[in-house]
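Generate coordinates for the entire structure from the input sequences, incorporating the hints supplied.
2 protein chains.
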Amino acid sequence: MAEKFVSERNLKFLLYEVFGAEDLCTYPYFEEHSREVFDMVLETALKMGRNLLFPCFQEMDKIPPEFIDGEVTVHPVVKEFMKACGEGGWIAANAPFELEGQQLPILITATCRFIFSAANYSASVYPLLTAGAAHLIEAFGSEELMSTFIPRMFSGEWQGTMALTEPQAGSSLSDITTRAEPTGEGYYRIRGQKIFISAGDHDCAENVIHLMLAKIKGAPAGIRGISLFVVPKKRISESGDLVPNDVNVAGIYHKLGYRGAPITQLSLGENNDCRGYLVGEPHQGLPYMFQMMNEARIDVGIGAAAIASAAYHAALEYARERPQGRSARAKDPSLPQVPIIQHADIKRMLLFQRAVIEGSLSLILQCGLYADMKHVAEEAEKERYGLLLDLLTGVAKSYPSEMGVHSVSQGLQILGGYGYCDEFPLEQYYRDARIHPIHEGTTGIQGLDLLGRKVMMKGGKAFHLYGEEVRKTISEALETERLRPHADALEKALVQLEEVTAYLKGVAARGNPDLFLADATLYLEFFGIAAIGWQWLKQGIIVVRGMEAAASEKEKHFYQGKFYALRFFFAYELPKMGGLFERLMNADGLTLEMEEAFFRD
Amino acid sequence: MAEKFVSERNLKFLLYEVFGAEDLCTYPYFEEHSREVFDMVLETALKMGRNLLFPCFQEMDKIPPEFIDGEVTVHPVVKEFMKACGEGGWIAANAPFELEGQQLPILITATCRFIFSAANYSASVYPLLTAGAAHLIEAFGSEELMSTFIPRMFSGEWQGTMALTEPQAGSSLSDITTRAEPTGEGYYRIRGQKIFISAGDHDCAENVIHLMLAKIKGAPAGIRGISLFVVPKKRISESGDLVPNDVNVAGIYHKLGYRGAPITQLSLGENNDCRGYLVGEPHQGLPYMFQMMNEARIDVGIGAAAIASAAYHAALEYARERPQGRSARAKDPSLPQVPIIQHADIKRMLLFQRAVIEGSLSLILQCGLYADMKHVAEEAEKERYGLLLDLLTGVAKSYPSEMGVHSVSQGLQILGGYGYCDEFPLEQYYRDARIHPIHEGTTGIQGLDLLGRKVMMKGGKAFHLYGEEVRKTISEALETERLRPHADALEKALVQLEEVTAYLKGVAARGNPDLFLADATLYLEFFGIAAIGWQWLKQGIIVVRGMEAAASEKEKHFYQGKFYALRFFFAYELPKMGGLFERLMNADGLTLEMEEAFFRD
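Protein sequences, first through last, are from chains A and B.
106 is the number of the first residue of the first sequence in this note's numbering; add one for each residue after it.
106 is the number of the first residue of the second sequence in this note's numbering; add one for each residue after it.
Fair warning: there could be bad hints in the mix.
What the hints assert, rightly or not - No farther apart than 16 angstroms at their CA atoms in a straight line, the calculated lysine to aspartate or glutamate pairs in the EDC-like style are these: (1) A:K659 with B:E700; (2) A:K659 with A:E113; (3) A:K661 with B:E701; (4) B:K659 with A:E700; (5) A:K659 with B:E701; (6) A:K436 with B:D554; (7) B:K597 with A:E700; (8) B:K109 with A:D706; (9) A:K117 with B:E701; (10) A:K152 with A:E127.
Rather than coming from a laboratory, the hints here were simulated on the basis of the structure.
Below you can see the structure in the form of C-alpha cells.
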C-alpha cells in the first residue's frame, strides 16, 4: 500500500511561501514560536500520522465500533491516540498558555489536522471534537466549568462532543425539544433525545462531555430559546467520584464509511437524573454553538481535502507502477506496455485531484490565517478578518466536501476494477469521503447560509471585503507575464460573481425570499470555484518565482507540477462557472413552481 | 422501505408514446407480437421484480458470495431467479423462434432489464450475462456448439460469462496471454488466467460457460491474434456426463458494492486439461466479442439508470414523509414543519435525478430501437441504424454510468445523515452504482472509442447521420411554441458539437493522435449532454401534447412532471456544455506535456 498520504513539500509551500506562517510570530501572542517550532510540530504530526494512525486506518474500517449492552467499544488505537494527543498538547494546541495550552496559530494546527485526517480520518475526529468542546467551555463557561472539565479533556482522558441534532430536528435547530428544567441547585435537569452524535460514547475515554443544546422550560420558541449545556456522561459526585449521569446510549449507526468513529443516539434523563450545567447566558446557546460549528465546518473541509489527498497519493502510486496500453502514436503490440501515468487521461485525472486538493487546502489555510489574524491583529482590523472568515467558512467546508468526493472518485477510477475492490484503499476513501457534504450542515444548508446570511450581512460588507482581497491577488498576478491570462480569467469570474450577487439581491429586494434562495446551492458552487481560482492564482505568484529560482532539479519539478495543476484549474475547472452563471442569472422559479403532485405518477 | 423502484407510467410513456413500440409489430419478424403481448411481458417483469428480486436486494448485499475450498456460493434467490428466467423465456427473449426464443424486440427486453436491474442489480446480471454469451454462440458458433450449449443456457441451468480481462491486460486486450493450443481433436488446450469475471462461478448453476478470449499458438501479435472460445467449467464426456474441465476459481473479489454477484479470478489449465472450443474463425475473436460487449455496454447503461431510478424513488418517498424546516417566507417556529419535498433545493435534487434517469433511459431505448431496426429494416436502411447504434452505444453506456453516480448521490443527500446509514437503501445504491463507470470499458476507454473510432469511422458518416436525427427532432419541436427555446438551445449545442468535432479532426489531421485524443473523456461528456438534451426534446414533443390532452388530473400531473424535468435539463444541465466547449476548443496539450517527474515532490 502507498506509504504517502500527504505532500509534506506542499504543506510547507503553503505555510511558509504562500501564507508566511513565520510572520505570525511577530505578534506578541505568538512571539514564543518560530519557524523551527512550527517545523517540529509538523514533523511530530507526520510521525504520529505515519506510525500510529495510517497503519490502522483500514483495520478501523473493517472492525467498526460495536454496541453491546449499552456500551460502545471502539478500536484500541483510539485510546493510544487520545493519550498521545493529550501528552503532546495536541488537544490544547490552540489554547492559551494560561490554560496549559500551546498557543499555536490555527494556521499550523489546521495543517496538523490535515495530516491526521489524511492518515486516518475516523481516528482524527476524537481529539478534534474534544478540542472543539473544550474551546467552547473556555470561551463561554464559568471558571468552575473550566476547571472541572477542561484539564481532563485537554489530557485526552475525557472525550468531548457537540450534541445538537434530534430525531425531529436535523438541520432545523429551532425545532429541538430537549428540555432543561432549572433546579436552583446549580444544575438543570435534562430530558430528551439526541442523534448522530459523533464519538458520543466509547470505551477509550473515561468520560464523555457533551456540549448540548436544549431549551429551558418556558424559553421563547425557535432558535431564540436555545441554551447551551455541559452534559457529562458521568458527573462528579460530592465525594469527587465519577457517577453515572443518566446519559444512555440508545444505539449506534451502521454507516457507509467513516466507520472508525461511533455515531450515537443518546437518550437523556430516562430516570429523571441527568444533570446539565448551563454555559454562559440562557437562550444564547445557538450563537455560542456557532463558534464550535464554525471550527467544525473548517475541520470538515480539512477532513475532505485530507481524504482526497490520501486517495490521490494511492492513485498516483498505482499509476506509476501499473503498466497498461501504449500511446496513440505507438500502438505496436510488440513494444512493452507503458505505466498508465503516461496516458493523458490518467494525468488529467491526477491533475484534477491536485487542482481540487491543493486549491481546497489553500482556501482552508487562508481561513486559518484569517482566524489567527482576527485574534492578533489590531482592533481596527479584527472586524475585517472576522467578516472574511465568516463569509468563507461555509465555502471552505463545502468546496472540499463536494469536490473531494469527485476527487476520490477519480482516484478510484485510475485503478479501474481494482479501485472497486478492497485490496486497495480507494474504495474506503470513496465511502469515507461521502460524509462530508452531509455533516456539520449539508451543502444545501451552507448555500442558504452563504447567500441568505453571509453575503447579505452588514449590507454586504464581507462580500465587498472579499472582492478587495481577490483583486489584490489579481493585481499582483498581473505583474507576472505567465499568470496574466489566469489573472484576467479570475477577474472575469469575479465580475460574474458580483453580477450574479447583485441580480439575486434584486430578487430578494423584490420581496421573494424563496425565489432569492432557490438556487443557493448553485450559488455556493459558483462562489466556491471562484474562491479556489483565487487561491490558485495566489499560489501561482509564488510558483512562478519558484520555477525561476529553484535551487535543484527536484525543487524545479515541484514548482512545475504546481504550475500544471494551476493551469489545469484554469483550463478545466474555472470554465464551469459559465454554465452556472447562465442558470443563476435566470431566477425563473422552476424548482419553486414544481408541485409535489407532479412527482406522482 | 420504498416499494417502488421504477415508474411504470414512464416506461409506457417511452415505449408507446415516444418510441412507438407497436409499430415494430408491422415488421414480419415481430408480427406475432402486439401491444397486449408487450404489456403482458412488462407486467410479468414488474411482478418478478416486486415479488422475487426487490425483497432480497439488501440481503444479497449483506450476505455476499463466499469462496470456500475452491467453490463459490451465492444467495439462493439466484437459483430461483435463473429458473424463473429460464421458464419464462427471459434468457431467450431476443432469440428467434427457431431457437425456442421469444423473438421480442430489444426495445421491450431492454425495458424489462431496466425493471430487473432497478429491483436488484446484482441478481439481474446472472441471466443477462447468460443471454449475452448464448447470443454470441448463436451468432458465430457452429451448429454443434449451439446445440450443446444454448438450450441449457436458455433454460437457466447453465451460467454464461464473458472472460476477457487478464491481470496484465485490463483495458488493453492486445496484451492478453491466455494460450490456446490446437490438438487436432476438435478442441484447443487452454492455459492462462482471467480476472474480474462476473458470475464466473457459483453454486446456483450446474455449469458455467465462459466465452473466452485467447491466443492460438503462433497467432499474430496484438488484437489481430485474438480468438474466441467456449470454455465450459464442466465439459461433456463421451458418455454424456459433465466432468471437470480444469477451470479453477482462484478467488473472488471483495467489492465496494454490487456484492450480490461474484466477480472471480479464474485459472485455466493448471493440470493441462482445460478444453476450449473455437467459436467461428481463428483470430476473429475481438470483432465477435464486440457484439457481446456492445450489448453489455448498453446493459451497463441500463443498470446505471436503473439503480438511479430505485434510488430516486427511495429519496422521493423520504422527501414526502420527512418533516423538516419551513419556507423562507414563513419561518415562524410555532408553525408545524413542512415535508422537505416542499423545499426548492430538495425539488432541485429530485428533478436532477429525473432529468438524468429519464433522459438516460430514453437514450438507451433509442439505441434499443436502432438495434431492432437494424434487424428488421429494409437492407438499404440497415447500415444507417447500425451506424447510429455504433456511435451511440458508448454514450448510452457512459452518460448513465457517470451521471447515475451523481444522481444516486443526490438521492442520498436528500436523506441527510440517514442517507449515510444502512437503515435506508441509499448507501447501498451509492456503492452499487460506482461499478458502472468502470466495467465493460471505463469511461476513459469509451471516450477514446467515441472520438477516435466512432466519430471518425467511414469518414464521419455515423456522426453526420446523428446530426440528421437530432435536427429532425429540433425541427419538429420548433413547431411547438413551448418547446421553441429548448429546440433553439439544442440547435446551438449541436452546432457547438459539430464545431468541436471539426476542430479536433483538424488536430488529428495535423498528425498528432495523442493530442487529438487527450481530452476524449471530456468530449464524451460533452457529446453525452447534447444527446440527452435531444432525448428530452423528443420526449417534450409528446409531453406538450399530453399536457393539453390529458384525460385525468393524474395524467395531467404526469405530463407536467415530465415537462418540469425537461425544463430542468435545459436550465441546469445543458449549460454545462459551455465550459466543456471552452476547454475542448483549446487543445493546448496540457495533460500531454505534464511530466511524470512533476508529480514527484
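Exercise. Can you name, in rising order, the numbers of the hints this structure does not satisfy?
Worked result: Violated hints: 7, 9 and 10; rest satisfied.
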